[in-house]
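Asker: So the chains spell out like this:
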Amino acid sequence: MNGKITLSILVAFIISFLSLFILEYTFPDPLEEKQDIFYSQKFDPNLKKIFLIGASHVGQLNTTLINEKISFQFVNYTVYNLSYNGDFPEKRARSLDRLISTEPKIVFYGVSFRDLESNAKEQKPLPDPKEFFGSLISLDSLEVGTVNPKFLTLQVIREIFRDTGLFPERMEISIVNTPFFTYTNEQIVIANDKELTKQSSTMSIQNNIKIKPTSENQQVNYLEKIISKLQNNNIKVVLFTTPHHKYYLEQLPDSEKKVFSSILEEISDEYGVKIYYFTDKYADLAIWANINHVAYSKQSMIYSDDITNMISREIEY
Amino acid sequence: MLFNTIEFVIFFIVVLSTIVIVKNRKFQHLFVLFASYFFFYYSSNYLITLLIFTTIWDFYFGKAIWKTVDGKRKKALLMCSLAGNLGLLGFYKYVDFAITQFNILGTSFDLATQIPLLNLTLPIGISFYTFHSITYTVGIYREQLTPAKSFVEYAIFVAFFPQLVAGPILRAKDFLPQLREKIENFETGTKLRQILIHHSNLKLGITLMVFGFFKKMFFADNIAPFVDEIFSNPIGLDSVSIILGIIGFGIQIYSDFSGYSDIALGAALILGFKIPLNFNKPYFATSPPDFWRRWHISLSSWLRDYLYIPLGGNRKSNARTYLNLFIVMFLGGLWHGASWNFVIWGLLHGLYLALHRFIVKKFPILQNHYFFKTKLGTIFSILITQYFVFLAWIPFRVRDFDQMLYSMQKYLIFDFQTVNILPFLVTHKLPITAMVLFIALHYVSYKKPNLHERFSQFRLGYWTVFIILMMIAIIFFYDGNPQDFIYFRF
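Chains as they are written, first to last, in our numbering: chain A, 147 to 463; chain B, 97 to 586.
Wrong hints could be hidden among the right ones.
As the list claims (entries may be wrong) - Incomplete in silico selection of chain B near chain A, CB under 7 Å:
#1 N141
#2 Y142
#3 L143
#4 L146
#5 L300
#6 T560
#7 I563
#8 I568
#9 F573
#10 G576
Stated by the list, open to error - Derived pair list, reagent style EDC-like, types lysine to aspartate or glutamate, alpha-carbon separation capped at 20 Å:
#11 K296(A) <-> E277(A)
#12 K344(A) <-> D496(B)
#13 K525(B) <-> D309(A)
#14 K340(A) <-> E411(A)
#15 K356(A) <-> E549(B)
#16 K150(A) <-> D575(B)
#17 K237(A) <-> D575(B)
#18 K358(A) <-> D309(A)
#19 K296(A) <-> D575(B)
#20 K382(A) <-> D426(A)
Unchecked claim - Now the in silico label distances, taken between C-beta atoms and shown as ranges:
#21 L427(B) <-> L395(A): 42 to 48 Å
#22 H295(B) <-> S347(A): 52 to 58 Å
#23 D511(B) <-> L395(A): 34 to 40 Å
#24 P273(A) <-> H295(B): 49 to 55 Å
#25 R308(A) <-> L182(B): 55 to 61 Å
#26 F279(A) <-> D511(B): 50 to 56 Å
#27 F510(B) <-> I183(A): 38 to 44 Å
#28 H465(B) <-> F163(A): 54 to 60 Å
#29 P273(A) <-> Y190(B): 29 to 35 Å
#30 N338(A) <-> S328(B): 16 to 22 Å
#31 G418(A) <-> L182(B): 46 to 52 Å
#32 R308(A) <-> L518(B): 41 to 47 Å
Just so you know, these hints were derived from the structure itself, not from any lab. Note that the structure is a prediction, hence the values are computed from the model and not measured. Note that the Cβ used here is the ideal one computed from N, Cα and C, for glycine as well.
Make a model of the complete structure from these sequences and hints.
Answerer: The following block contains the structure:
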């Protein structure tokens with residue numbers, strides 16, 4: 147009887163996980179689909195491609211304007227913003243080969259504190275079995291860890307009830323040379339000081355952002371791997387730190403800021419990568435959608451203009 | 097090691113397989129101890145030394161208390177044992193809290209020096225295994241049990257992995273006899289019990305575990321972000337948001353903790369051990385004492401037997417009884433964490449218990465009034481009790497004093513700001529749906545007790561379908577990051 151019960155449990159495991167994989171196959175991740183389309187297109191071989199990569203902080207750039215200015219200034223150059231929400235080095239590393247296959251000239255990687263946040267293991271005085279067993283039962287190679295079942299399920303539910311009006315779709319704007327990023331109303335409007343104050347009081351940044359030094363930081367390892375792989379493929383890499391509002395920076399402990407800077411300095415020394423700092427450049431200006439993101443708006447063009455200048459300088463260099 | 101991780105699933109399969117394959121009793125017992133220590137060491141690393149210290153300390157004090165004939169010496173030995181246990185608990189859990197209070201006091205007296213905080217890591221499960229261990233020495237002192245026959249047996253009792261980090265709080269007199277063969281109903285033999293996995297235990301245990309995972313991973317983890325969003329800064333929010341937030345928290349903490357208890361009970365049952373029930377539909381309690389007979393039963397009964405009764409219980413004057421209630425609930429609150437908000441929570445419950453006792457004593461007619469025996473009367477009692485229980489959840493959840501007072505004010509005095517209700521509900525569809533589903537299922541489990549037993553008695557085919565459906569609900573709403581159990585912090 148115990149054997150039958152065990153078999154039932156095994157069947158239950160197989161069926162439930164299989165259902166998840168079927169669901170994932172039927173409703174693929176929209177980002178994956180967008181990446182497939184972008185990377186499989188035929189690019190004009192005469193055009194030299196400049197890629198901006200990073201998370202939503204980079205997504206807020208007005209790449210249409212940047213591209214216009216760059217292509218006007220430098221013939222045969224075109225700029226793509228390949229940022230997407232929730233990007234971090236580990237995630238970016240997964241699509242790096244496809245990015246390299248398109249043979250860009252320069253890659254500008256926008257890095258923020260959040261990108262280098264890591265769940266680094268605590269230093270323990272006795273041997274840590276988690277390290278040994280963790281690597282034994284790692285599901286990374288199967289890419290199981292990349293699936294967020296809850297996100298997928300909610301996406302399917304939304305899809306099923308699309309016509310009922312139960313889940314009204316948010317208006318999202320897509321920009322041609324920013325293929326993986328869309329803009330909603332909240333990202334376009336500049337928030338007032340009252341809203342920003344409220345955000346900063348609810349975000350608890352000091353408890354959430356913990357950056358471990360290079361030796362213990364998995365994300366830094368991934369970032370280094372990305373840089374070295376790009377350089378090995380004759381692609382120039384430039385890093386820039388993305389901007390934050392003063393309320394964000396005030397809450398972030400100095401210790402984390404120091405670790406972040408020293409990591410970037412180490413990378414710059416080791417890989418000969420140039421770094422542009424925008425972290426606190428607009429901290430006081432009224433250009434913010436929230437304390438983390440410059441608004442995608444006419445009044446916030448200063449950020450895009452500075453990035454344009456950075457790109458021009460690096461093309462000329 | 098968290099129950100809701102792949103590591104635990106593999107660990108548990110390995111433990112069960114080894115026990116099934118190797119039938120040698122001594123080996124089985126040693127292996128359960130080794131597995132329990134590994135389970136603890138996996139996430140607590142060097143802090144396992146505290147667990148081993150507590151075990152050795154009480155094992156030898158238990159023996160010494162048993163051997164001593166002289167009453168005074170017996171008492172002195174018990175005091176030493178308690179000092180060791182509570183000293184360790186106090187040091188690791190409360191020393192920084194005490195230093196902070198001392199520094200605050202010092203500042204108000206203009207003292208220039210501040211004592212630096214020690215910033216000690218709170219050892220996981222210390223509140224639980226300390227209380228387990230105390231039941232052993234006190235039990236021997238009270239002559240309710242004889243000392244464990246071997247160190248391994250006693251160590252298994254303290255470290256038994258299903259209940260090690262968040263209970264239920266075991267009592268030595270209930271658990272130790274389970275390690276020996278049963279001769280008759282109340283007698284235990286001298287032979288070690290062979291650990292057998294019986295099919296009825298296996299089916300019931302798995303059902304319980306699946307129930308536990310469902311409570312934790314479907315309800316608690318999906319409601320938690322909603323509660324966090326509201327209570328990260330509740331100031332400025334309307335009454336509806338606060339009330340929904342605190343209902344959400346009540347459901348979250350119940351699902352989280354009773355989910356853990358169900359997994360613990362199920363895992364222990366599969367190995368053939370019975371550990372006490374920790375929850376019994378607490379949100380259907382009809383009075384404050386009834387709530388404590390249904391909520392965290394192993395702690396409330398521990399506090400009753402090892403604190404309230406030794407303090408005199410209700411055997412002394414009325415005033416003393418009320419004082420005892422407050423002392424017990426104050427310490428019960430403090431047990432949850434070194435913070436004033438837990439003390440407030442405990443004292444509020446002390447107040448509820450005292451008021452209930454006062455009303456029942458002063459107006460005995462009320463208790464026997466026919467209205468309270470009707471359906472409507474029961475519903476009325478449940479609603480009133482839960483109104484106050486949920487009010488007390490506010491200080492449990494909100495640490496900041498201003499935010500706590502604001503939330504309590506909005507909960508107690510409804511502001512009739514109803515304009516934002518619909519958009520609020522629309523933007524939080526998943527947690528609200530989960531909350532409604534929880535209320536419906538909680539009602540079903542109240543009307544039809546022992547649901548897990550009923551499900552486990554299904555024919556194998558139907559039972560498998562039921563398990564598949566539960567697993568699909570768990571997996572499909574899992575967000576990819578295993579969340580800690582709330583009671584791990586205590």
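Asker: Is the Cα-Cα distance between K237(A) and D575(B) 20 Å or less?
Answerer: 17 Å, holds
Asker: Verify the CB-CB distance for N338(A) and S328(B) against the hinted window 16 to 22 Å.
Answerer: 20 Å, holds
Asker: Quick check on G576(B) please, does its C-beta sit within 7 Å of some C-beta on chain A?
Answerer: 4 Å, holds
Asker: Under the criterion that the straight-line Cα-Cα distance not exceed 20 Å, is the pair K296(A), D575(B) satisfied?
Answerer: 5 Å, holds
Asker: Holds or violated: 52 to 58 Å for the Cβ distance of H295(B) and S347(A)?
Answerer: 56 Å, holds
Asker: May I ask you to test the hint 41 to 47 Å on the CB atoms belonging to R308(A) and L518(B)?
Answerer: Violated: the Cβ-Cβ distance is about 21 Å, outside 41 to 47 Å.
Asker: With 29 to 35 Å as the target window, see if P273(A) and Y190(B) comply at their CB atoms.
Answerer: 30 Å, holds
Asker: Compare the distance between the alpha carbons of K358(A) and D309(A) with 20 Å, and conclude whether the hinted pair is satisfied.
Answerer: Roughly 47 Å separates the two Cα atoms, so the pair is violated.
Asker: Looking only at beta-carbon atoms, does the pair D511(B), L395(A) fall within the given range of 34 to 40 Å?
Answerer: Check passed, 35 Å falls within 34 to 40 Å.
Asker: Just to be careful: measuring from the Cβ of L146(B) to every Cβ in chain A, is the smallest value less than 7 Å?
Answerer: Given a least distance of 13 Å, the restraint on L146(B) is violated.
Asker: Do F510(B) and I183(A) keep their Cβ atoms within the hinted range of 38 to 44 Å?
Answerer: 52 Å, violated
Asker: Verify the interface restraint on F573(B): the C-beta must sit less than 7 Å from at least one C-beta of chain A.
Answerer: F573(B) check passes; min Cβ-Cβ to chain A is 5 Å, inside 7 Å.
Of the numbered hints given earlier, the model fails hints 3, 4, 5, 11, 14, 15, 16, 18, 20, 24, 27, 31, 32; all others are met.
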